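Chains A and B are the protein sequences, given in the same order. All letters in the first sequence, in the order written, are residues 1 to 192 by the working numbering. All letters in the second sequence, in the order written, are residues 1 to 201 by the working numbering.
Keep in mind that the hints were calculated from the coordinates and are not lab data. This structure is a prediction, so every number in the text was calculated from the model and none was measured. The beta-carbon is built from N, C-alpha and C at its ideal position, and this holds for glycine as well. There could be a bad hint or two in this list.
Distance windows between CB atoms, simulated [as the list claims (entries may be wrong)]: (1) B:Pro-32 x A:Arg-50: 38 to 44 angstroms; (2) A:Ala-13 x B:Leu-58: 21 to 27 angstroms; (3) A:Gln-64 x B:Ser-60: 19 to 25 angstroms; (4) A:Val-29 x B:Gln-82: 53 to 59 angstroms; (5) B:Thr-105 x A:Gln-64: 25 to 31 angstroms; (6) B:Gln-82 x A:Ser-137: 50 to 56 angstroms; (7) A:Val-190 x B:Phe-129: 20 to 26 angstroms; (8) B:Phe-129 x A:Thr-158: 25 to 31 angstroms; (9) A:Asp-27 x B:Ala-10: 41 to 47 angstroms; (10) B:Arg-150 x A:Ser-136: 19 to 25 angstroms; (11) A:Ala-78 x B:Pro-189: 31 to 37 angstroms.
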Amino acid sequence: MLGGIAAGAAAIALGAAYAYERSVVSDKVSARNDAQARLTAVDAQAAPVRAVQAQASAGLSAVQAIVNIRVPWENVLAGLSRVLPTQSYLTSMQVTTPTPAASLAAPVAGVTTPATTAAPAVGTGPIGFTISGNASSQVRVALVLDRLSLLPWLSDVTLGSVARVAPGSGSSSTALGGDTFSISATFQPVGG
Amino acid sequence: MIERINGRVAGLIAIVAVLVVLLVGWFAFVSPQRSKAASLNDQINTLDTQISSTQAYLHSSQAKNAKRDLLRVKRLMPEGVQMSQILRQLASAAAEAGVSINGLTPGGLVPSAGGQAIPIALSVQGHYFRLSRFLHILRSKANVEGDSVRGPGRLYSVDGIAFSGGGQGGSLINASISLDAFISTPAPPPPPTTTTTTTSS
Numbered sequence: 001m002l003g004g005i006a007a008g009a010a011a012i013a014l015g016a017a018y019a020y021e022r023s024v025v026s027d028k029v030s031a032r033n034d035a036q037a038r039l040t041a042v043d044a045q046a047a048p049v050r051a052v053q054a055q056a057s058a059g060l061s062a063v064q065a066i067v068n069i070r071v072p073w074e075n076v077l078a079g080l081s082r083v084l085p086t087q088s089y090l091t092s093m094q095v096t097t098p099t100p101a102a103s104l105a106a107p108v109a110g111v112t113t114p115a116t117t118a119a120p121a122v123g124t125g126p127i128g129f130t131i132s133g134n135a136s137s138q139v140r141v142a143l144v145l146d147r148l149s150l151l152p153w154l155s156d157v158t159l160g161s162v163a164r165v166a167p168g169s170g171s172s173s174t175a176l177g178g179d180t181f182s183i184s185a186t187f188q189p190v191g192g
Numbered sequence: 001m002i003e004r005i006n007g008r009v010a011g012l013i014a015i016v017a018v019l020v021v022l023l024v025g026w027f028a029f030v031s032p033q034r035s036k037a038a039s040l041n042d043q044i045n046t047l048d049t050q051i052s053s054t055q056a057y058l059h060s061s062q063a064k065n066a067k068r069d070l071l072r073v074k075r076l077m078p079e080g081v082q083m084s085q086i087l088r089q090l091a092s093a094a095a096e097a098g099v100s101i102n103g104l105t106p107g108g109l110v111p112s113a114g115g116q117a118i119p120i121a122l123s124v125q126g127h128y129f130r131l132s133r134f135l136h137i138l139r140s141k142a143n144v145e146g147d148s149v150r151g152p153g154r155l156y157s158v159d160g161i162a163f164s165g166g167g168q169g170g171s172l173i174n175a176s177i178s179l180d181a182f183i184s185t186p187a188p189p190p191p192p193t194t195t196t197t198t199t200s201s
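Isolated chain B, as found in the complex (with noise of 0.2 angstroms):
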């Protein structure tokens, strides 16, 4: 049989045999090395995206701003109720408005956005257009224009006005005001609730 396959077969099946090896050692071994170069090259180039936009976060104003829109926010909200911060501040205002604060009652702490309100329960004297410069000085305290805050002072939202004592001649007004002062502290959960189950036999 093999006597009878001659030089010319012989080195056709050599050429297939070598092509065989090699189509099977590349589809087999090289190949697969390959694609998987391939891939990680899809890896790191991804981690090189995500190393460089976070390098790029790092050096931005955004970034470098955090921590001053932060305090700035805390100056506004901060975490406890600093009732002396609220008294000065007001006092300051009632000032320069001129007019007098003849009390001042806080409530307790309730819900609100950002953390918890502080209702406070203002009795003012003074006359008219006076009263309406220290509401004005009052949200002058704290304002926000865009992303940035303004102001001087934290953050107080009038929830009403009451005034009696005016009329003929501009006599001085009482006026009582519902004025609120925020903290960033939220309001902590509710106790949890325990039922008591007796059996009686």
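Next comes chain A alone, as it looks inside the complex (with noise of 0.2 angstroms):
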């Protein structure tokens, strides 16, 4: 009789703890749904504003990658300037980058870099660095190329050609004779 009683009051103390369990369990389920609703709508908020941000960045990354292979042409002028010796002038310069910003195109399948929509290029080719100009001697002709060759972003600097002008024969600037010269070398620029 005793155990009976005792058997009846753990069944209806199971079931209280049951129902206590169940309730709580109710509370979570909705506490969730409410939770993965303010998840949603938060995202939603987000998602534009996500958007927008990887569309800024990937353009700065863009703008980066071709700021990175600029070449600091004045910095390539003024050093050429600085270290070309007196009495010796250039008559042309071709410089041309090894890394023009199309050779940054992300590649696509099946896209290939139409050649003939570029404009022309001014450049030499590999070397990418040519001048020829006239100086006084052959001796001021030596000087320029041990100059040119103190310039960073220069190698491999070599002479083309040289050749005696006689004195008021050609252009104003070989008027006074002296030695035309061309010279060619490897342009290798620091980004910036």
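Make the complex out of the two chains shown on their own, each in a separate frame, by following the hints.
Set out below in structure tokens:
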């Protein structure tokens, strides 16, 4: 008899515990659904902001990539004028960057860069740097070669030709005579 | 048989029975509900963390500045070619540097980083250091320092320079400049190649 009463009491306690836990679970389910709804709403707010940020970030990366390969041409020209010795003058110059902006094209399957649409190249092929000019003597031309070798963005400085010009012949720049020269080099600038 | 079970044994059996009922009831009904509640609690905590981090992101300077950053990038690399803007900026740079632009020939768009490049063949006349200044102004139109964009204009990149006409006396130089401006619109995908097969009988 006593055992029956105890078993009944245990069953009632269990039932009460079960009912309580079920109510807890029910509350938690509703809290989770509520949190899920709030998250969906916040995500909906954040999605366009994230998209804008991703677009800006991708654009900034592209700009950064282009900026990194840009040549500080004013430094190139300033450096060139600084090392050129007296009694030597340039009559022409051709410099081409080894990394044009189109070389940064993201590879797209099936897309090839249409070479015919690009503006005409003004450079000199793989060497990248060619100058011609005149100097008062061949010793001056040698000095030009030595000085050009000092420039950090030039390597393999090579004399193309040097030719004596008689006084009074040729253009105004060679009117006093001297030597005309042409020099080529590999141009490897530091971007900026 | 039952008569042989004395009160003490009956009590023990009752206790065991109650224990069995309690254990079975606990493990079969109550405990799963508790586990479910704990699991739901974890889910709620995870969701709350996600909500907090998303709200923190929305209030962060990163999110607040995203639109401004995008506008800056669009200024450097607009969606369209906007050749009139390029002409104005080049003319302004030339005037500031003291050189004259004698010719300008835009080429077709070519794929480049972040979109496409507009190759421009530029013919400029001026003194050596004024040309140098012109190139400096073009480079200063847009620059990137760290994560921030500086400069008032579009992004230009000079691929090459060729000049002639220098020499003794600092005469005027005629320079050909290979310039690139940029747009953010990516190159269109290539048209699908169609293969025509003819059969003859």
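Do the hints match the structure? See the list:
1. Taking the beta carbon of each, Pro-32 (chain B) and Arg-50 (chain A) are about 39 angstroms apart, inside 38 to 44 angstroms as hinted.
2. Between Ala-13 (chain A) and Leu-58 (chain B) the beta carbons are some 49 angstroms apart, a value that contradicts the proposed interval 21 to 27 angstroms.
3. The hint said 19 to 25 angstroms for the Cβ distance between Gln-64 (chain A) and Ser-60 (chain B), and at roughly 22 angstroms that hint holds.
4. In this structure, Val-29 (chain A) and Gln-82 (chain B) meet the distance hint of 53 to 59 angstroms, their C-beta atoms being roughly 56 angstroms apart.
5. Between Thr-105 (chain B) and Gln-64 (chain A) the CB atoms are about 29 angstroms apart, so this pair conforms to the stated range of 25 to 31 angstroms.
6. Between Gln-82 (chain B) and Ser-137 (chain A), the C-beta spacing of about 52 angstroms keeps the proposed range 50 to 56 angstroms intact.
7. Taking the beta carbon of each, Val-190 (chain A) and Phe-129 (chain B) are about 21 angstroms apart, inside 20 to 26 angstroms as hinted.
8. In this structure, Phe-129 (chain B) and Thr-158 (chain A) meet the distance hint of 25 to 31 angstroms, their C-beta atoms being roughly 27 angstroms apart.
9. For the hinted restraint 41 to 47 angstroms between Asp-27 (chain A) and Ala-10 (chain B), the CB-CB distance of approximately 43 angstroms keeps it satisfied.
10. At about 45 angstroms, the beta-carbon gap between Arg-150 (chain B) and Ser-136 (chain A) misses the expected band of 19 to 25 angstroms.
11. The hinted range of 31 to 37 angstroms is not satisfied by Ala-78 (chain A) and Pro-189 (chain B), whose Cβ atoms lie roughly 44 angstroms apart.
The structure is inconsistent with the numbered hints 2, 10, 11, although it conforms to all the rest.
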